[in-house]
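Here is how the chains run, residue by residue.
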Amino acid sequence: MTDLFSKFDALIGEREALLSTGVRDPFSLVMESVKSPTVAMCNGKETILLGTYNYMGMTFDDDVLEAGKQALDNFGSGTTGSRVLNGTYAGHRECEEALKEFYGMDHAMVFSTGYQANLGIISTMAGKDDYIILDIDSHASIYDGCALGNAQIVAFRHNDVEALEKRLKRLPAEAGKLVVLEGVYSMLGDIAPLKEMVAVSKAAGAMVLVDEAHSMGFIGEHGRGVAEAAGVIDDVDFIIGTFSKSVGTVGGFCVSNHPKFEVLRLVCRPYVFTASLPPSVVATAATSIRKLMHAGNKRAHLWENSKRLHQGLRDLGFSLGTPEAQSGIIAVIMPDMLKGAQMWQALLERGLYVNLARPPATPAGMTLLRCSLCAEHSSEQVTQILGIFEAAGKDVGIL
Amino acid sequence: MTDTAIYDRIAAQIEPFNKKGVALTESTTFASDLEWDSLTVMDFVAAIEDEFDIIITMNMQAEIETVGQLVAAVEKLTA
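Which chain is which? The protein sequence lines are A and B, in order. In terms of numbering that gives the first Met the number 0, the first sequence opens at residue 0 and continues consecutively. In terms of numbering that gives the first Met the number 0, the second sequence opens at residue 0 and continues consecutively.
Only chain A is shown next, with the shape it has when bound in the complex (with noise of 0.2 Å):
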C-alpha cells in the first residue's frame, strides 16, 4: 500500500532539517493580540508589522469598525448561502455599488476571496478553444483558474512586452484571447508595463484581466491601481482586486464595463457554489471603499514611507527586488533559505514582522524578506525599522 502522503516526504524533510538547525518556524506565527494597523503582540512581544498588505491601515478606521458592528446586530453574523440564493443582503448591493463609483466602471461582482474571483473569472471567461496568455510569475491564484477551466495556456517572460507581443501575434486570429496581467507582483513588488501590454493586446483582439489587488487605494490618482496610473484603465476588460489588502478586510471582486457581465453571475462557479461574505465583512468593505476614494494624502505618505525604506535599506548594504520604489512592497533578497529563515526570526525577536517568501511562491528560486509599507507607519517607525534591519543583519552576518 502506499502511503498518499509520501509525495510530501521531501518536504517534510527539508523543513526538519531547516528547524533541527534551531530557528523558529517561519510559517506557524501566532499573533497574539493586535494594537493597531502597524502593532501586534507575537511571542508576548510589541512588535511594528511591515509584512501584512494592510496599505491603507484600514483595519482599525472608525467608520470602519462602526459599519462592520451595525451590520452584525442588523443582519447576523452570516448569510449561510450563495450570492444567488440567500445570500445576497443589502450590504452586498452596497459594496458593488461603492466598487462601481470607485472605479468608475459600470459592473462590480464581490466574491468570498480574492482568490476565488481569479479562479471564476478566469475558468469562466476562456473555454477549450480560448487562450490564456499570462506572465510566467503570476500569482498562485491565476494558475488555479487557469488548471479549473480547459482554455489553451500561453506563458510570456515576466514583465517582457516584446515576448507577449510575439505570441499574441502567433495564435490564430479568430481564436478568443484573454490576456491576465498583474498591476503590481507581489514577491518582488514590481510593476508592469501596463501601457505597453495592453496596447499590444488590444492590437491582438484579445481581452484584458488586470489583477490590481496589491495596488488599489494606493497606486493611481484615485487608487485604482496601476491601469489607471498607466492611463489605460479604459481599455481594461476586467480588474480583479480583493478587500484583504488595502480595504482591509476578506473578499474579492472583479468590476467591468462589459455590457454582458452580469450574465457571469449565473455561470462562474466560484461565485455561484460557495457562501457569500458575512454582512458585518461587505459593511466594513463598502465603508472602507468609499473612505478610500478621497485618501489622497494617505497614498502620498504611503509613499514616503515606501521610498525612504527603500533608500534606507540600500543605503545599509541590502539587496533589493526593484531599482527603486514601485509599490508599496520592498523585497529584501536572502542569500539562501537558512540566512533567510535567520534574519528573519532575528528581526522577529527585535520586534519587526515580515513575511519570509520562498520557492516556489518566488521567481528564479529566491528567497525574499518582503516588507509591505503601511499608510499608518509613522516616519519614527520607519526609521525603527531600518535600525532593527541594519542589527539583525549585523547579527545574522549578512551585512
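Simulated from the structure, these hints should not be mistaken for laboratory data. Please note that the accuracy of each hint is not assured.
Cβ pair distances, simulated, as ranges [stated by the list, open to error]:
#	chain 1	residue 1	chain 2	residue 2	range
1	A	Ala174	B	Val40	20 to 28 Å
2	A	Val271	B	Lys18	46 to 54 Å
3	A	Pro171	B	Ser31	28 to 36 Å
4	A	Thr321	B	Ala11	34 to 42 Å
Derived pair list, reagent style DSS-like, types lysine-lysine, alpha-carbon separation capped at 25 Å [said to hold, decoys possible]:
#	chain 1	residue 1	chain 2	residue 2
5	B	Lys18	A	Lys168
6	A	Lys165	B	Lys75
7	A	Lys259	A	Lys201
Computed from a predicted model, the values in this text were never measured in an experiment. Even glycine gets a Cβ: it sits at the ideal position worked out from N, Cα and C.
Fit chain B to the supplied structure of chain A, relying on the hints for placement.
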C-alpha cells in the same frame, strides 16, 4: 522538413541548457536526464518557440517528457 532536420535544430537549442553534457537521444527526458528545473524549462520553451515561430502551450508542455516527443510536437506544429 524532415524529422532529422527538426531534431538537429532542437538539439542545437538544448545545447546551451545542457550543463551536464548529457548525451542526447530521442528518449532523453528533460526532467530526469537533463535535470531541468521549471525556470530552465521556461527559457528553453521560449527558445524553441522563437526558433520555429510556434507556440507550445502549457497544456502541450505537460505531455512532453522526452526529446523525441518534442520533435514530434514541433513537427506537428510546423506542418
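Checked hints:
{"no.": "1", "hint": "A:Ala174 / B:Val40: 20 to 28 Å", "result": "24 Å, holds"}
{"no.": "2", "hint": "A:Val271 / B:Lys18: 46 to 54 Å", "result": "49 Å, holds"}
{"no.": "3", "hint": "A:Pro171 / B:Ser31: 28 to 36 Å", "result": "34 Å, holds"}
{"no.": "4", "hint": "A:Thr321 / B:Ala11: 34 to 42 Å", "result": "35 Å, holds"}
{"no.": "5", "hint": "B:Lys18 / A:Lys168", "result": "32 Å, violated"}
{"no.": "6", "hint": "A:Lys165 / B:Lys75", "result": "20 Å, holds"}
{"no.": "7", "hint": "A:Lys259 / A:Lys201", "result": "19 Å, holds"}
Checked against the numbered hints above, the structure violates only hint 5.
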